[in-house]
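Student: Sequence:
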Amino acid sequence: MTRVGLVLGAGGVTGEAFHRGVLAALRDVAGFDARNASIVVGTSAGSLVGASLRCSGSAAATKSMPAPPDEALKRRPDLRPLLAAARRPWTARAGVLATSLLPAGSRSTETFVAPLRRRCGSEWPDRDLWVCAVRRRDGRRVVFGSPEAPPIDVATAVAASCAIPAYFRPVTHDGETYVDGGVHSPTNLDVLAGRGLDLVVVSSPMSIAPRQPRATLDLSVRLMWHRYLMAEKRAVERGGTVVLTVEPGGETLRALGVNTLSGARIDQIEDLAHDATVAALERPEMAGRVSLLAGGPSARTA
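Residue numbers (this note's numbering): 1 to 302.
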């Protein structure tokens, strides 16, 4: 049986719409049901979509638990990640360093994870769901749901992964405080290196398809995230896994705009992402990857 991993990257409200279009295209072209992925990795908006996939139809969806108490955080920079980076400069990431200079946000993530809390309950899904966040005191990535991560419920993990610095309040759980997993990487694809998967599909709303560039205000940042993604892709491919990346370009990129929290064009973004992904998957050179998505034999078993 083909083992497919699904990576859903950060991207805010517009990123969620992008993911929906990509997943619909995977279903339409290859008959791939994202709920059946062997493992789902979600970051920020991608964690919300991934958790929704895993909790869909789950017995845990009938349970509920109270919202975690809000912590009164002072709106001031947290310089601890900078100090940690000074001790280990070779591990420092630009996003972590920049985030340490931003104050804590004031908005609560509970406004959009409350429905997920009701659906998922207190039990982690049986099928692998990895949710990426960043520990605020030292800027380290934490992958909730992985064997090394501390125990947590799905909704709180997603809240932590979505806690955009300076916009949402950091999320505190079991004495640690967390912020958006996109601070480390918009996709965190590299957590799947060495997992023995046949194929990994990456939906990456925050980077850019290099063959379809547009002159946008965030072009330089998108190109940087594309380079991050390609480095992570190489790390996964070294283990023999095929990686299919889906990045916005052309009209999809224009519709996404620079405000990831705007809901003004989400239907358009979803349609454009769907159509662009269908067109990409129907190219002759994609036949092998589409076959894997459809459950065909992999190089590991052929």
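Each hint should be verified, as a subset may be incorrect.
DEER-style ranges, computed between Cβ atoms [unchecked claim]:
(1) 195 <-> 295: 11 to 21 Å
(2) 282 <-> 106: 26 to 36 Å
(3) 267 <-> 115: 19 to 29 Å
(4) 127 <-> 194: 34 to 44 Å
If you're looking for bench data, these hints aren't it; they were derived computationally from the structure.
Because the structure is a prediction, the values reported are computed rather than measured.
Where is the CB? At the ideal position from N, CA and C, for every residue including glycine.
Student: Given the hint of 19 to 29 Å, check if residue 267 and residue 115 actually sit that far apart at their C-beta atoms.
Tutor: holds (20 Å)
Student: Within 11 to 21 Å: is that where the Cβ-Cβ distance between residue 195 and residue 295 falls?
Tutor: holds (18 Å)
Student: CB of residue 282 to CB of residue 106, is that within 26 to 36 Å?
Tutor: violated (46 Å)
Student: Does the Cβ-Cβ separation between residue 127 and residue 194 fall within 34 to 44 Å?
Tutor: violated (19 Å)
Violated hints for the displayed structure, listed by number in ascending order: 2, 4.
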